[in-house]
Amino acid sequence: DAGITQSPRHKVTETGTPVTLRCHQTENHRYMYWYRQDPGHGLRLIHYSYGVKDTDKGEVSDGYSVSRSKTEDFLLTLESATSSQTSVYFCAISEGTYGYTFGSGTRLTVV
Amino acid sequence: AQRVTQPEKLLSVFKGAPVELKCNYSYSGSPELFWYVQYSRQRLQLLLRHISRESIKGFTADLNKGETSFHLKKPFAQEEDSAMYYCALPNAGGTSYGKLTFGQGTILTVHP
Numbered sequence: 001d002a003g004i005t006q007s008p009r010h011k012v013t014e015t016g017t018p019v020t021l022r023c024h025q026t027e028n029h030r031y032m033y034w035y036r037q038d039p040g041h042g043l044r045l046i047h048y049s050y051g052v053k054d055t056d057k058g059e060v061s062d063g064y065s066v067s068r069s070k071t072e073d074f075l076l077t078l079e080s081a082t083s084s085q086t087s088v089y090f091c092a093i094s095e096g097t098y099g100y101t102f103g104s105g106t107r108l109t110v111v
Numbered sequence: 001a002q003r004v005t006q007p008e009k010l011l012s013v014f015k016g017a018p019v020e021l022k023c024n025y026s027y028s029g030s031p032e033l034f035w036y037v038q039y040s041r042q043r044l045q046l047l048l049r050h051i052s053r054e055s056i057k058g059f060t061a062d063l064n065k066g067e068t069s070f071h072l073k074k075p076f077a078q079e080e081d082s083a084m085y086y087c088a089l090p091n092a093g094g095t096s097y098g099k100l101t102f103g104q105g106t107i108l109t110v111h112p
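Residue numbers (this note's numbering), protein chains in the order written: chain Z, 1 to 111; chain E, 1 to 112.
Since no wrong hints were added, every one of them can be taken at face value.
Derived CB-CB ranges, DEER-like:
| hint | chain 1 | residue 1 | chain 2 | residue 2 | range |
| --- | --- | --- | --- | --- | --- |
| 1 | Z | G96 | E | S55 | 22 to 30 Å |
| 2 | E | K57 | Z | D73 | 27 to 35 Å |
| 3 | E | T68 | Z | E14 | 42 to 50 Å |
| 4 | Z | T20 | E | E8 | 35 to 43 Å |
| 5 | Z | G96 | E | A17 | 35 to 43 Å |
| 6 | E | Y39 | Z | H10 | 17 to 25 Å |
| 7 | E | N64 | Z | S7 | 36 to 44 Å |
| 8 | E | A1 | Z | D62 | 17 to 25 Å |
| 9 | E | K9 | Z | T15 | 26 to 34 Å |
| 10 | Z | T15 | E | A1 | 31 to 39 Å |
Restricting the straight-line Cα-Cα distance to at most 30 Å, the calculated cross-link-like pairs of lysine-lysine (BS3-like) are:
| hint | chain 1 | residue 1 | chain 2 | residue 2 |
| --- | --- | --- | --- | --- |
| 11 | E | K9 | Z | K57 |
| 12 | E | K65 | E | K22 |
| 13 | E | K73 | E | K15 |
| 14 | Z | K53 | Z | K11 |
| 15 | Z | K11 | E | K9 |
| 16 | E | K65 | E | K9 |
These aren't lab readings, by the way, just hints derived from the structure by calculation.
On a predicted model such as this, the values are computed, not experimentally measured, just so you know.
Each residue gets a CB set at the ideal place from its N, CA and C atoms; glycine is no exception.
Excised from the complex, chain E in its bound form:
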């Protein structure tokens, strides 16, 4: 079964510092991975999809199949980046019905 692991529950950095939120996965086949973000008391929203290879709000994520990782990175963190971040992976199989499996989430705090 597929699994998503976010090893850090909490991550603190100072404004302007680089930030990396880790995500490791187990999946048979070529996965499409997502990062979702939840700002304080707001709904979760899609931050980026690996397949689109976009950079949203300065964040990027590279799929590393060898290390089975999809870490989220930003070179210069901003205070407004403080949020909960979830990595997500589609369920495998032909009848997955679009289901996603989420990691446990990482709370990022950017200090001034």
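Extracted from the complex, chain Z is given alone in its bound form:
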């Protein structure tokens, strides 16, 4: 067990609807991240958190918001989903210097 789970694993949603993805960790790591994975772009940081209620934007944050009310949970919300947000979303956790542990990913399709 990697100590980090993402839900849902797959989701199909319609354009314009809100979507929330959940990342849950049992490792008590301070840092949590949301990335999206797209062909040709690799992994791009959407938002990250450095503590409860402490979050900041990454390089591709437009159209996304996050919340972290507990150490173990980091939520990613697409306020109004668009087709350009069709992607695979990965959550990761870190203690800062040892690299990341990743979740299994959420495959999101916006139709």
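Following the hints, put chain E in place on chain Z, whose structure we already have.
Chain E in isolation, oriented as in the chain Z frame:
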């Protein structure tokens, strides 16, 4: 700003052949670099860190500061090495919050 470049999107080799996945970086200071691997439909997992100087699954990577490279090498590729490989670099600065910048990834295919 730091940058990681993996010049090859796709790399194909035959089983038993040597393989080298290229990674170049730009960074001010002494970087710590990582290689992550993603097998088909699995989560990304850490393959190796330059600072630990370990050899994992037969892979090694040497940091070349002069060429700003951190190429991943294996002398004899196996079919199970077929995967997506990402090179990653920590963000610079005192408040980097552990963030990593990833390259675009290289898909390695090892043919039987």
